[in-house]
Each structure stands twice: as C-alpha cells, then as structure tokens.
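Protein chains in written order, with this note's numbering: chain A, -8 to 340; chain B, 16 to 627; chain C, 24 to 324; chain D, 42 to 399.
FYI, nobody ran anything at the bench for these hints, they're computed from the structure.
Yeah, the Cβ is synthetic: ideal placement off N, Cα and C, and Gly gets one too.
Check each hint, because a few of them may be wrong.
[Claimed, not checked] Stretch by stretch, here's where chain A covers chain B in the computed footprint (C-beta under 8 Å, at least three residues): (1) 150 to 156; (2) 183 to 189; (3) 203 to 216; (4) 240 to 254; (5) 514 to 524.
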Amino acid sequence: MTAQTSTLLAEAETEANQPVQRRSGRWRYIGGKVLGSFGALMFVIVFNFFLFRVIPADPVRTLARNRLVSDKQVEELTRTLGLDQSLPRQFLTYLQNTFSGEFGLSFKYRQPVGEIILDRLWPTLLLVGTSTILATVIGIYLGMVSAWNRGKLVDHMSTGFSLTLYSMPEWWLGLVFLAVFAVGAGPIPKLFPTGGLHSTDVDPTSFAGGLDTAWHLTLPVITLTLAYLAEYSLIMRSSLLDEMGEDYLTTARAKGLRDVYVRRRHATRNALLPTTTLVVLNLGFIVSGAITIETVFSIPGLGLLTTEALEVPDYPVLQGTFLFFSIAVILANLVSNLLYGLLDPRVRL
Amino acid sequence: MVSDRVKRATGGVAAGVLGLTMSWIGVSAPQAASADDPVVFTVGMTNEVDSFNPFLGIEAESFEMWALMYDQLITYSPKDMSPQPGLASDWETSDDGLTWTFTIRDDVKWSDGKPLTSADVAFTLNRILDGGPEAATWGSYLTSVDSITAPDPTTVVMKLSKPNAVLPLLPMPIVPEHIWKNISEEEVKSYANEGEVVGSGPFRYVSGTAGGSTYKFKVNPDYWGPQPKIDEIDYVVYQADDPMVQALKTGEIDFAEDVPPLQLKAIEGEDGIKTVTGASPSFAEIAFNTGSVDVDTGEPIGDPNPAVMDPKFRYALGFAIDRDLLIERAYQGGGEPGDTIIPPAYSQYHYDAPADLKWSYDPDRAAQLLDEAGYKMGDDGKRTMPDGSPIGTLRLLARSESPESLHTMDYFQEWLADLGIDSEVTAMESGKLTNVILDGDFDAFQWGWYVEPDPDSMLSYMTCGQRGNWSDSWYCNPAYDKLYEQQHAELDDAKRAEEVKQMQAILYQDAPYLVTAYDSIGEAYRCDRFEGFVPQPNPGGILLFQYGVRSYEEMYPVTHCGEGQADESASASDGGGLGTGAIVGVGVAALAAVGAVGGILLHRRSTADERE
Amino acid sequence: MSDLTLTPRRLTWQRRRKSAGRTWSQFRRHRSGMIGLAILVFFGLVALLAPALAPRSMIEVTEATGGVLQPPSWEFPLGTDENGRSVLALLIWGARVSLLVGLLATAISMFLGTLIGLASGHYRNFFGAALFRITEWFLVVPFLPLAIVLASLLGRSLLNVAFVIGVTSWPATALLIRAQTLSIEGRPYLERARALGAGDWRQMSRHVLPNVMPMVFANTTLTVAIAILSETTLSFLGLGDPLRVSWGSMLDDAFQTGAITTGAWWYFLPPGICVILVVMSFTLIGQALEEVYNPRLRDRT
Amino acid sequence: MSETTSDPTAPVASPAPVSDFVKSEKPREPLLEIEGLEVSYRTASGEIPAVRGVDLTVHAGESVGLAGESGCGKSTLASTILRLQPSNATVRGGIRVCGKDVRTIGWSDLRALRWGQAAMVFQGALHSLNPVQRIGDQIAEPIRIHDSTPAKGIPARVRELLNQVGLPADRAQAFPHQLSGGQRQRVMIAMALACRPELIVADEPTTALDVMVQAQVLSLLTGLVEELGLGLLMITHDLSVLGSTCSRIAVMYAGRVVEEGPADEVFEHPQHPYSAALSAAFPRIGDPAARYAPAGLPGDPPNPQELPSGCTFHPRCPVALARCSEYDPPIRMAEPNRPVACVLVGEDGRDRSAAQSS
C-alpha cells in the first residue's frame, strides 16, 4: 500500500464524509463508517466465493493424481468434499457456514478451516505485529529527524535510505539477509537460523522456547520492519514539512517555548495526525504483505497457508484466508477513519 | 529544566536491557549431552503431513507417519518390494482364488495394553469396504472383495467375487476397533486422530498437527517386531529446500529428505554428511494425443494433429530424444534415462526392449523411420503428411510450475525442428492442463506418474476404460486391454510378470508415451550421527519414506562417519540451540547499543539550556 | 508567419508545446528527477537493444554453454545460472519483461482508473456514488492474495500478469482522478460549458480530462514503479510468465535452486539491484513531476 | 520577573490622555529601543534589504503606531523584536527590550523575555493558533512557563483573562475553528496578556476583521494597554487605525522611517509627501474636501532588490525635485520631536514654502 495511495484514501475519506458532518452528530459519523465497512464485508464475502470457483483446476483431480486409482475412489472423494452439489447449492451452504462462523473443512487437511487459520495465525501476527510497531516508531522518528533538518546531510541520507528501501522488494532484502546472516558470508558467522519457528530440541512453550522463537523471528522481523519504515518515514516527513510552514509555530516560539518543545508539543503532534491514520490504514495491507516474507523464511503463517492452498486449490482454506485478509484491511480502514475523527477536532462535531 | 524523573527512567531502561541480554545468553546455552539422554533422530522434509487419520490423508509423508503408528497385515520386502509377513504371519488362497485366509499373530498388543486380534483387522477392512473417506483412500486394494470375517482371534477370511492378483498386498494400517468403533461415518471425515493415539506400530505418536511444521514420535517399548535402537523421531517441515539443507549442515537435523540434485552436489563434500541418490518408482514422459474421443458416443473430440495419432510417427520420434542430455540438463543429473512405464525399481515386472527395437538418441534413424512412414522432407525443409499436405505446428504443453517440464519441452521443440517439424511450447497450470487433456485440444504434453509396487494401477491408466478419467493419452488397444484383464486375475506371479511385460512391449511399439526419465530422490544424512539405513529397493533404493519402516528399525546411532559400531555413549543431541559463539556476539552487540544510547542521552542533558 | 493566421487547433498545440517546454525547464531543475531520468534512459536502452547486446540464443536453455552456477569469469562476467546460461544475458533480457509489464500494467490501471475516476467524480447521481463505493471496496481487497488468485486463474503469460497488476491497482488512480474532477467540476467555467449544452461525455473529455492529465501523468510514473515491484513479486512467487525471463523469475529460480545456500551471490544480487534502480528512477521522476505540477508540494524536497 | 506596574483588577481613574502622561514620566527607561536597525535576507538571488536603518522607541504607557504599505519591512522589524526572524536573515544595529539587547542575550534569557516581558498579537488568528489544541490550554501554556502561578491557579487565571477580553469562560474548552474571527483575535490578546508583559507588539491585529469587529478589538486593546500601563507597538498599513489609537506614529517606506511624530500631528499635518498621500488615502467623516481629492498613489511599493536611487520615494513623489533622484535625505528634525526624511524639510526644516511652489 503506497504512501501516495493511502494519502489519497484518507483525503477521499475526509472529503467524502464532509457533507455528512455538517448535518449530523458524531454518532452519525461513526454509524456511516461502520455501515460502509459492513457493505465492504458483504462485497468481499460474495466476491470471495465466486473468485475461487472460477479457477479452472478441479481440486479432486489435483489431490488424487498419482495416488488414487479407481474412479469409484474419485467419486467418493468428490462426495466427501461436497463438490458434487450444484453451484448455487454450494453457495448457499457457503453463506450459511460463513455467517455461522464455520468455514468448512480444508480439502487437504480435512480439518475445520477456522482451526487451521487459528493455528497458523499467531506466527503471522507475531511477525506482522512486531514489525509494524517497530516500523512505525522508527519510521516516524526518522521522518521527524529528516523534516527538522531539511536540506542538511541527515535529511538527504535518511530520505535516500528510505527511498532505496521503498523501491526494494522486501523479500529480496530477506534473501540477502538470509545469505549474509543465516548462511554466513565470509567473516560474518552463522548468527541466525535459516528458517522455521522453533529449533527441534527446544520445548516451544517454555521460556527458552520463547527465546528460541524470538531468535528465529529476528531476521524476518528486521526485514519487514525495514520494508515498512521507509514508507512511514516518507509520509511523516512530508506531513511534518506541511506543518512547519504554519504560523502557530511562530506563536509557540514567541511564547518562549524551547525549540524542542515547539517541535514535540505542537508540530509533531499535529503532523502525527494524518500519519497515524495512514499507518493504521496500512496495517491491513501488511498482513497480506507477510506472504513473501513467510515464503522466504519458512514461517508457517497465514501467508504461506494461502500460497500452499492455491496449488490444490483448497477452496475452503483460500476463502478463509482471503476473508481474513480482507477483514483485516476493512477493520484497519474503519479504525483509521474513526481514529482520524477522534484525533482531529476539526472533523468531529 | 528537565525533571529528574526522565534521568531515572533512562537509567532504568539501560539496566533492564542489560539484564535481558545476560539472561538470554545464560538460558539458551546448549545443555551438554549426557549418556542417558534419549537418542533423538531428527528428519527434515519439505512437505507437510496432511492428516494423521489413516483414512483421510493422501500425502506420502502421512503414509510414513501411519506406518510408524500402526501395523500392516502385509509389508514389502526391502529387496524387491515383494509381499512379506506383517501382522499376518501366513496366508493362503483357495484354488479358484476367491477365498483368502490370513493367520494373524497372537503376540501383538495395543499401546493401551489391549491385545490386537483378528477382530481389529476385520473391523478395519470392513470399514474400508463400507465406502466413505476410508474407501476413497484404500478402496483400490479390495476390488471385488465381497466379505471379510474373523472366525477366531487368529484368522481372517476374505471372500471375493472375482480373483484379484493384487492380493495379498494389503498395506492399509490396522486401527484398534475399541477406539474407532465409536467414530461415526460423519465424524471420521474430520477426525484429526491427534492427541491420545492408540497404535501398535514400532513408534508412538507424541505431538504434531496436520499442516504443522514439527511432529514427534517416541519408540514403542514392547513392539512385537525388531526393537528400534533409537528412542525418539522428530520431523521438521521446511518450506523450501534451502533452509533444510542449511539445517543439515548446521546439525539442526540429522536427515534431509528429497534434496534437489544441485544442492545434493553442493553438500557432497561436507564432513559428517553422506549423500544418497536413490531410484524412485516414478517416471516422466512426453505423452501424445493418440485419438481423443467422446467416451459415450465414440465420436472424436478435440483437434489432435493427425501425425501424432499415427503410432509409426510417435515411435520414430522416440529416437529423436537425447535422454542423457535431458537427465544432465533438465534434471541436473538427478535421474536415469527412461524407457517403459514400469520403473526398473520393480525388477520383477520391468520390461527391457530388445536391442533392435530399443530407443537411443539416433536422429538419422528417426529421419529414416519418418521417411518410411511417409512423412517425407518437403522442398521447403519441412516434413509433410503422407498425402503431401504440411504437418503444421505441433502444440507442446508444459506444466508451468515444473522447470523439468519446461526444459524437456524446450529441448523436444529443438529436436523436432532438427527433423524439420515445427512446434511451439505453451506453459500452463497443471489444473488447466488436465482440462485441456480431457477436451483433447492438444498434440503432446509432459507429465509423470508415481508407480505403486503392484503394477496393476499404472497399467490400468492405459486401458480404453480409463479414457476420460485417468487415461491422458486417450490410448485404446483391445489386445492391450485383453492382456490387462488376464494379468488382473492371474495368481501365478511368473505368468503375471510375463503378461505385464507383453503389455509394455505393445506400449513400446505404439508409443503413446515416450518415457524420458526415471526420477531419483536425493537424500542426505549425518553419517557422524546415524548409520544402518536399509535402502528399498536394495541396492540403489531410497532410505526413508519407503514402503515399510525397516530403516527405522535397523538404524543405530554412531559417533563418527564410516562403519562405526553401535556405540551406547553416543551423544546424539549436541546440535540444536544457539551456537555459543552466536549468542556471545549478540549479547555484546546489545551491550554496546545500550552504552551508546546512554552516552547520547547524557550528552543531550548537559547542553540542554545552550540550545534554542 | 504572423500569429493571426494561427488556426485554433495550431494555437492549442502551440500552447501545449510552450507548457511542455515550461514543464521541462522546471523539471530540469530537480536534480533527483534528472538522476531518475538518466537511470531510466539507461535501462530503456538496455531493454531496447537487448538482441544486440546479447543474442537471444544466450538465454535459451538448450543453447547454454556454461557450467552450473559458475562464479563470474571473463567468459561470463556475471557467472552462470543453474542451467549454465550467462546471468548478464538473462539480466539484459529480463529488463525487457520487467519494463514491458510495468508499462502495460500501468496503461491498464490508468485507463480503468481514469475512466472510473472521471465518471464517479462527474456523475452526482446514484451512479457516481455507486462507482465511488465500488472503488473503495476494491481498494480494500488486499492486493497480493487477489493478484495470486487472478494469476493462477488466468494462467501465466506476460499479458495476464500485466492485466492482473493493472486490474488490482486501478482504484488508487480512480480516487486521485475523482478528487481532481470534483475540484474542477466546482469551477465556474464548467457551469458555462454545461449551460452551452455540453453533454456529459463532452464535458469530461474536453474540459475535465485536459486539466486532470498533468496530475495523472505524474501519478502514472509512480504507478509504474509499483507495477514493476508487483511484477517482480508475482514472478518470485512463481506466477510470472515461465517462458520469458524477468528479474522476478530469475530471483525465483535463484531461490528454488538454492543459490542462497550455495552462495551464488552473482545470481540473486544483480536482479535485485536492477529492480531497485528502475523502481527508484520512476519514483524520483514521479515526485519531481508532482512538484512541477503541484507547487504546494514544492517545499517537500 | 519585574513586578507588575499596577494591579490589573484595581479600578483606574478616568483615563488621562496618553500624550501628557508620557511627558510627565520621561525619566523612565524606554521599553523598546531600536537604533539603526538593518535587516536583509540571504536568498538564492542575492541579499535583499528589508529594513535599512530604523530608530524607534516605545515607553511604558505609550502606544506607538508603525504604518507603511505591505513590503516596507514593518513585519520584519516586528519579528526581530523577539528574535523570531527566519534563519536566513542577517540583523545589524541595536534592539533593546526592557533594557536587554535582544540580539546578544543567551537563549534562556531570551526565552524568559519572550512573552514574559514582551508579547505579540499576530494577524490571522486562525493560523496563529494551534488548530487542534483547546483555547484554554494555549493561553495556559505561557503562564506555566513564565508565571509563578501554581498549577491549580492557572484555570482561574485563564478565566480571568477571557473575561478581560470579553469572552465567556466556557470558551476555554473550544477549538480555534469553533470561534469567529473577532473572538479569535480576542483570544490572541488574552494570550498576550497572560504573563503580564510590559510591552505588546501587535502586528496587523485587526486587518483580517471587518470594520465593526475591528473597532471593538481596537478599543479593547487600547483600553487594556492604558489600564495596565503597558507599552504598545501597533503595526498596520491602516493609518486611520493608528490615528485613533496611538500617541505617536512612525511612517515607514522601503525599509526606513520617513516621518515620525505625535499621532494627530502626523495624521493631520504630514510633513513627508508619502505620509501625506497615505493619510489622504483615508477619508475623514465630515471633511468635504476628502470627497473630491483623488486618493491613492500611482505605482506600487519599490522592489526591495532594485531600490530607486536617491530618495527611494522619488519615482512616486508628487512633489519630487530634480535632486531627489540622487540625494537620499537623512532624517532631520522638522520640529522638536518630529523627525522627517525629506529634502523639502531642508536643513533648518523651515523653507517648506519654496518646495510647494516648484
């Protein structure tokens, strides 16, 4: 999700709901937003079903190839997977299941999709969660430093650094880190594991297990953090530069505030406003961005689950993960809108 | 102006970070291995187990897990995959081949202490007969079986409607009746069979979930068969070959399954690592559209090029393929040149074509055969149909996710061009390719098959009956079908082998398939930790993921490469955890960071009022 | 030739040339913009002259002459890949696909985005609002999962990859153009056009579009940058066109054949660096253009 | 912290006219002393002079007006008083506020002075107030830094300030965009008075307001200045505003003060042709002549980069002499306490009649 797109969405949001504010109270504003998100959810649910049905491959054939023999066995498999029903029938069962929170059985693992997603959820959340927090904090700080020292060396360096990271495919960065730190290149020893979440001989639930997982996640988190902090620092920098031209900063300085307080209490706080909404908005897209990082670092998260499920194609799992990603984005979108309404008094009634 | 609170806070943070790093170093230093530690054998693989429920799973990895957890009636001999006694110590069949009687061992106990009897065997086999997911997975082994009964605790009697040559092969795992009888038809569809698992096999399930990345097994102390010399098996799933190979080098795992040829070469020289390239019972082929028809009406469908429908044309192309070059380039040396659809691994049934018929890379012979068949070279350097009309461009389809498929078709296009035949390569998803095959809109494609120990299933794919189902070359030859029926009911092994070879001879001449290569599977293991694997087939076979668990039973821990004896005091688990060097490095880096941050903070405090 | 004889058409073209000249003079002052342009021209030339720089046979698997994964040598300045092909030749031909897909995808996304953006901005009735809602919904659908599904749905050819990226990136453009349209629609001269009886299509094409075009042009370059990144990612996930070499497919092959563990840096470093350079060049140009057209952003550099 | 001159809440006798108040209190040290101030900006296209030598003093209880067209350097001058000028400005000459030389004191002293002794009221209040911070907090901020009022006393002080400027106390919770232009300007004034400064610098305080609100705000400002005995420097282009509110007026043109003197003198009998044109531009009610005289000046203020030679006003001066184009007249006393920078004034400031005839 690029800086430029997210700014657009934010502008579109504020602009779109401009007329709404004037006539109604805050609840109407929140209600409007929630309704919009609900509409988006409905769209995704329907879009989700048909999207996968159109894939030419037939899961039974792919699953059975090389293993099952008689066509009786193929019919048996088709029936157990419920693929023998007519399309509308499948759509109805799909709707019933989705609303009752039951996502059907994975074709490949024959486990309820909900459970599989929950099992594979925490590595992705751990990876994406830590990376987003780090990326936000470092990104905003970097953006602040380069905005305040505009034109100086530190500004050129940090903007150049962010621009390079922004133009780099994050998974390629992961590959380089793997080659240098996990495999060990020349002087650098093998510092980190080459993939996975746990060492085999450590009990994952114990404290040492926790440390071991942290040790496994260090490289992927650094990669994802670097990838997203570039974007945040560019957003923060331009938002802060806009603020720095404002007169109320001169007033603040005139009031005798030390320069560092002028920045912290006035400029940065106002510049943080649009940035936080964009960051939260971006959160939704990071979850799907983890797909590439999980592939490179062999982390059994949701991203990997999606790419694996695609080979079969395992409709229930694909629908489950796709729905999850969309909900993540819709929620992030909703939170970002409400946050914007909350933080910026100019919007609230 | 800055309150003391801030100063104290930065001091506290620095101390906290310091403490964390020190504890990190202390805790995860690798525990020194001591003699009475359990011998843990760690296996790396690149595909997950799709289900621990023996009636649901389909992946090869799941078959391996079931083989560890449960026993089978009949097992395969490592030497030549022929049936060997398992739970059934002895079996015999009536003259008309319609009644099979198995004698079941009486000294086998389930992990919960209950005895395993013929009732469990009958229960398991009947569940498969009744249909549902059980039939989907194991139904093919009980074709034409009518009833299965257990007259007494040590005998099981099977009645058939027609003789079935595949018997006595019954590789399905036998599950405890007292557990599975209260799992209904509906529940079994999503029964994960994880957590408390009652089994009788050499190992017992400890932990691991379908699709997860680690599975743990521990040895069954009172196993009736040969007692394994290792205590625990850990399976680790990697998403790509790279990390797995690395894990083997760093000692995180002891065995790496299915290592691609290039990486196998890369680690051949490493100390403490031995690499094995085992023949795997699967082959790759270039298949032609021998005449796609609508199975019901018999009307031709699709638009195959008439040239590929002529057996002579196809047979001639057999000489245009340089199989050695393909192995070296497309398979990076990971395979053997191929000739017929039953791989040499099953030596009993493998057909060797006589010298005069045998394919070899001989473009001139191919040109000569094409001329004889009427496909003469036109004056524009392009060969024409026997009636003089141009052949046109042959459509070669490759599977986009397999580099071997793409490169094989690239080479084939070039070799056809050398013979003056135009062709173009298109790549598509294997799912989409299946649809195209069923519609008949293709001339040739590249794919492969995995052949089971009993050739029956593979041979059936070339019968007229399988067209529109599993047959992908639309091949239909009544003489071939007659021989198929004969061997299907032939109980005499020698006679059956002869009939199977005759069928392959027909296929060789008609050439619906040009078998290009027999895949081989690369395996690598820490020879400084474990030895004594039993290859299947022996020699030249693969070590693990075979038909049967003999390797797990025979292997033993060692301390150094070479033929080390079973050494009790072997320390098997010195790997794992952080390399000490690594932690110290990280700890020092953390300390330096804390120092630097502290320094900057102090500096800023002192110059506070000087700045703006 | 005195101005008097200028026909209206030639007058507008003269004005356009003059404004283009002005844009170029302002653009020239952006050092970063110029660097970006230089890099882009270099890679453009490499892509165009690919057959001259490295004969097509050098990237055919069948014609490969080098050993497997050989380190850089005189014969192969950037070493060889797992099939023995020269990595340098692959890199040169890869530029073609990456740039082509990037531009193609942007064209699709621009076309769709402009059309829907204009319409949703222009039509005030239900139709306009519905279009806006749909754009917002599509923006909400996460890019990568949708792209992966579409790529496997349509099969894997150059055109399909470009189509997939185009179809999944049009909402951003649509929103930008909608915002511009709304601001232009508010201007009095559009009421005048409406008063003179201009139909919807005429208003949009004659009045709104020319004003929106400069902003769209700047946004295009930024979209190309993102399109190239997306193409590389899709190829890395194995969804690119298998028959054509692109930087993404090179990285996928490198990862699959274990170039990382065997330490074949010459196989996976160069494609990554090329992607960074091209994407950065487009971003720099895009930012410079944005500032030329939108003075408010001028203080951003 | 200097003690406040008078208790703001105590009732003051009927307000004595400002001018004689100043005279009788002469000996006290001036609040603001600007001597020979020169300010120029370093830009890509060279040095641009904004202020070319200005002398100005403001005493306690005295309100001085500074008039001039836009671009004559009056805002630049205002910004240097609290050293708020941008980093690319070079400042020469002396600026003393409450006895301290603003250009040389250390940052901490300067910060103590800013809003502590001298405060400013800016032009566009909407831009000069932090849009996302409540009014009450913005007023309380300087108090917390400069004043010794205990934390719990601050809200009361804020309410008191709001009353002083005629705003209801509950306005403290409001945000800038929820107030009208006039109210925002009153908030600026309340904020300026927060730390009981001795000097108020008002840079175009009422320009953004319509006439009615402008009058209210001006009377509020001048009333408070008198009541609290503060010094006021009022900067605006609107001479009539200065005429009615200030005791002395200085007129600036192209970076220099061309005339200074008591307000009514400068307004009624301007010596310098530019001041004359400026005051003529504002019609006086009840003066019939004003209705006919063509108000306004030809041409626009000079471009600071290419200042005209000699007297910078000569191209637009209706009574310009031939000499004016080369000779840049220094400031001379036309009458005691009436400096004027014009050749017509002559050495002894007498022979004005000769000039009018030519």
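Hints versus structure:
no.: 1; hint: 150 to 156; verdict: holds (count 5)
no.: 2; hint: 183 to 189; verdict: violated (count 0)
no.: 3; hint: 203 to 216; verdict: holds (count 3)
no.: 4; hint: 240 to 254; verdict: holds (count 5)
no.: 5; hint: 514 to 524; verdict: violated (count 0)
Consistency with the previously given hints fails for numbers 2 and 5, ordered from lowest to highest.
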